[in-house]
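Residue numbers (my numbering), protein chains in the order written: chain A, 103 to 558; chain B, -1 to 204; chain C, 441 to 776; chain D, 582 to 787.
No lab work stands behind these hints: they were computed from the structure.
Among the hints, a few may not be true.
Unchecked claim - Computed spacing ranges between beta-carbons, pair by pair: (1) D:A607 with C:F764: 53 to 63 Å; (2) D:P634 with C:I588: 40 to 50 Å; (3) C:L736 with B:A102: 30 to 40 Å; (4) B:L193 with A:K361: 52 to 62 Å; (5) D:R616 with B:P182: 31 to 41 Å; (6) A:F549 with C:G772: 16 to 26 Å; (7) D:E697 with C:I560: 50 to 60 Å.
Everything numeric in this text was worked out from a predicted model, so none of it was measured.
Backbone N, C-alpha and C fix where the C-beta goes; we use that ideal spot for every residue, glycine too.
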Amino acid sequence: MVVALTGKHTFPGGIHPPQKKALTRDSQIQPGPAAKQISVLLGQHIGAICQPLVKKGDAVEAGQRIGDCDAFVSAPVHSPVSGKVKEIGLRSHAVLGRAQAITIEADENSPEKQPSFQVPADFDLSKYSAEQICEASRAGGLVGMGGAGFPTRVKLEPNPQMPKDNLIINGCECEPYITCDYRIMLEWTSQIIAGLRLAKKASGCSQAFIAIEDNKPKAIEVVRAALESSGNPDQVKVIAVKTKYPQGGERQLIKAVLKKSVPSGSIPPMIGVVVLNVATAAALAEAVIVDVPLTHRVVTVTGEPVVRPGNYYVPIGTSVGDLIEFCGGVTQSAAKVVLGGPMMGIAIADLETPTTKTTNAVTILTKEQIGRAKFDRRETPCIRCGRCLEVCPENLNPTRIAHAVKHDLLDVAERYYMSACMECGCCSYVCPANIEITGFIKTGKIFVARQKKRMA
Amino acid sequence: MATDGEGTAGLYKDTLLAGLWRENPVFRLLLGMCPTLAVTAAVKPALTMGCCVIFVLVCSNIVVSLMRNLLRPHLRILMFTLTIATFVTIADLFLKAFQPEMSAALGPYVPLIIVNCIIICRAEACASKNALAISIIDAVGMGAGFTLTLCALAGVRELLATGKLFGASVMPDWFVPWAAMGMPVGAFVTLGLMLGLVNTITGKKD
Amino acid sequence: MLKNITVSSAPHVSKPLSTRGVMLDVIIGLAPAMLAASYYFRIHAIVLIATCVVSCAGTEWLCNLIRKKSNSLDDLSAVVTGIILAFSLPPALPVWAAIIGSVFCIAIGKMVFGGLGANIFNPAMVGRTFLTASFGMLMTTWMVPATIDAEVRTIAADNTVDARTQATPLAYSKQALKARTGAEAVNEQLGAAFTGEIGGCLGETSALALIAGVVYLLIRRTINFHIPLAVLLSAFAFGSVTYLIDSESSISPLTHLCSGGLLMCAFFIATDPVTAPLTRRGMWVFGIGVGAITMLIRIVGEYPEGVMYSVLLMNAVTPLIDRFYKRIPAGGKASG
Amino acid sequence: MDKVKYFFQQSWLLIVASFCFGLLIAVANAGWQGRILQNEEDKFNNLVVEMIPDANTSEVALENVEVESGKGKTRATSIRKALSADGQCVGWAFTCEGSGFADKIKLVLTVDAGFEKLKGYGVLSSNETPGFGDKIKDQFYRNQFVDAPTTELVLMKLGAPDVKDAEIVAISGATVSSEAVVTIVNTFLGQIKSHMQEKGQIGDGN
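The shape of chain A in the complex, shown without the other chains (with noise of 0.2 Å):
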């Protein structure tokens, strides 16, 4: 099998952000902070909220189920640490504002957990059946680890109405700044194969695609290597795609890869197409084999003022505080911080905000850098040159959605598709007239919800 380390492979728009990937690209993923205290929050998935399974002053053992939800679009949560449960109460979400969250004291000898395991050498994919693989990735609470957090047994369930025939591992991590994605791909990579081989079994996948980025031509390299010392049993193909935010979006993923456009409002498994993020593979894999819950995950610490920036293996609920201040802390130019990357992230202003299954990266940005989008240069007015219609990879009019919403005019700013738009920023980054486009449109999706629900 030849690979091509240059990809062909792309969708139409899209942006060319600067990568800022070297900060991180060479650290190994550590052991993160042991911290004192966890929250972990009651909803961490798209889907529905879970219930608190355990009281004020419980007991509770690493990896104990701590909330879950019978609803189907759901997933439960697991405690990362052994400890006592303090507090039931509202913490800070990214999302949601404020939110349900399980705080847990952790005990001394609680017991840290290891970054990584070995698939074992008699791993044998027969030995699951495929119901057996979607009940251990709803058991361990597994979603989508990439942002959206949609959870994967709702994924990869077989659907006698939509029968699934492409499976995607998303590779791609096109977001500036974080590398914990590249970083599970050269180290985990037999993982992420055996949690493909799982996801395509469970789904019921006739071909299994690998998606990379160009810009990382070593994970390629690694994946391609190991799926051949394997034998590759599945025909999985590494496919290498351009170089381009948002190339990671599942979406443009899909386009990218297959040819195929996902209808607007629609999700991929519709089209019969699964995507699952490289770290929610490796997840599988960890739940499938060894029966692990998700309490733990990679995420980048990373942005020029933090003093060691690089890629940790946390415990899900640890709050940002504490993850920067493992990190050493940071230096005085820091101005923002934001879960996730400088382009989809969102900035937060608590810092005590535990972080979720979906939290990939914090990254800390400087005053220059948020100075320079945001407040050196006022709003001027729009000069309809079209970059946003050109960089936006749903093929929107992002200028007029945003502007219908400035003016009150939701019924309009609907008729332009509004719904369709993925709020991927790539309109707010290009705008010469530093219109926050995305966060017109943001806005205006918030407004249509609301109205709905009053309507409703």
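Use these hints to put chains B, C and D onto chain A, whose structure you have.
Relative to the frame of chain A, chains B, C and D by itself:
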């Protein structure tokens, strides 16, 4: 109708001033746009048009005011139009007989006074509800407001388009006429700028 | 540490681009033509450009003052408008006329609509239309380039132009169309039209300089190639048809492209983002429309040049084009 | 019967008013009609006198002369004889019309007694663009027609406007209006000339 004056005299004064400024038909009510745009290329035809409108307005207001108690509501617009058309025809004939040049310059715009909204507006809003004296004063005020506005517009346009006023050269020799001001575009631009100016002065937002 | 953290919506970084930078690029793109104009029309060019730029900027400043808006001069859009207006004026135009045109184009063409980004029509073309309508004679008096007529003349006190004048190639081509012969003589001027040693508006004579400018803009990706290409292709197609039908009375399509304001229109006027469509397909339609109407006016119409009116006409239908070519999301229309 | 009663109840005012207004218009018309006709005649005569200095007045010579104005349409005109103070025929005058740039152009055309040379034209009514098309009223353009031969006229872009020949130099910037005048003159002149020759009013040119 204004009521802040004192007694009858104050009411008369208010009525008169309303047409001139506060309820100026062109600048505030935006009525009678057709003649405003069409006959303001020069002051003379504008003034003639204004006088015609005053004449028709006063006459029709008198007639309408006199027969206001006899009007059937559903036939009132018909009566207004009939009255206005009569006086417009008379004005047209008069112009043809005594001001043939102006008649030629104004062309179809004199007969078009029939459909001038100002007149029907005043008949409806004032004459059909008020006594004779108020109706006449209202007509004079409105007509004078209309005439003055037309003349102001025409003055600017004639001055810039030809360098003349009332047909007499007033601009220095080096002045090159702006022909565009005599064209319809000049009418629209001048009217727009004047409206903007008036709105600025009165502090009206939109 | 981390005392003053700020919060705002994503994305948190942005490309170092600004409206001012875009306009600066356009000015740089216009620079070669400015140099060419100064070379061929000497003091006239410099005076005219300076007048237009200063009075455009002044008008914008004044309008902002009257409207109690913050000063918007620093986006340089008024400067660009001024240069383009100057470029579309005859070199020998008196200064006062240029000032009237500048005031009109900024005040009426741009500020009354609400300033940058809100105007429907290209402001420079609005100003030029007003001047053409007002001072027809002055606007159709073409000066001979200084390189041919060594003596640089001035404007006499009585507003007549004291310079050797000549008709533009397009005026000759109009005569050729009427007389049904003589197009060949116009075609021979192609070389002069390419370098710019010919009568015409200030900035439009030198095809070479305009092409140099647009290459810069295309490399900098300040403009897209769609509109210029569409304009030139459609004009070329129209020109070719008439040339093939009757080469005696019609000038060659290449001469059509190089003479008059077609190149400047295609590169700098039609590409004004504010008044052009947003979508690619819309840009094609817009460009083809501009080229076609220009040629229609040149060949069938009464005026020798039609760039100004064709741009304004297509500006008027831009909202319609945008409406017609609405973008459909990548995944097709949302279901349900 | 009730219906008729109802009808009159509702509309008696309208009927009465219609009669009154009709009467008013009739009176005005009767009083001024003579003057209006006189005005039109005067305007025509003034133009004739302006163009033919010897003439004092004019009288109708031929009425309802049909002229084909192209596209199968015919227009009727009447030809008038220009008379000097002592009753001598010093020329002929007639109105002619055709489409201009914006609207119809109506001209008075005068020729000398022998129908050999034009004496010029005057504009009765036109609506051409101010500053451009309406220069057909200017002496510069009108003078070119004075003493031009009554043959087919040709419009030129460039040339000498002072020479009295069949070549007419167009007004720069208003080619359409210039052309319209020439076309109108050409259309009417030839046809009326042959018509006159038929009627024996003038010689056949030999």
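Hint check:
1. D:A607 with C:F764: 53 to 63 Å: holds (58 Å)
2. D:P634 with C:I588: 40 to 50 Å: Holds - the Cβ-Cβ distance for P634 (chain D) and I588 (chain C), about 49 Å, lies within 40 to 50 Å.
3. C:L736 with B:A102: 30 to 40 Å: Hint holds: Cβ distance 36 Å, inside 30 to 40 Å.
4. B:L193 with A:K361: 52 to 62 Å: Hint holds: Cβ distance 57 Å, inside 52 to 62 Å.
5. D:R616 with B:P182: 31 to 41 Å: holds (33 Å)
6. A:F549 with C:G772: 16 to 26 Å: holds (25 Å)
7. D:E697 with C:I560: 50 to 60 Å: Check passed, 57 Å falls within 50 to 60 Å.
Taken one by one, the earlier hints all hold for this structure without exception.
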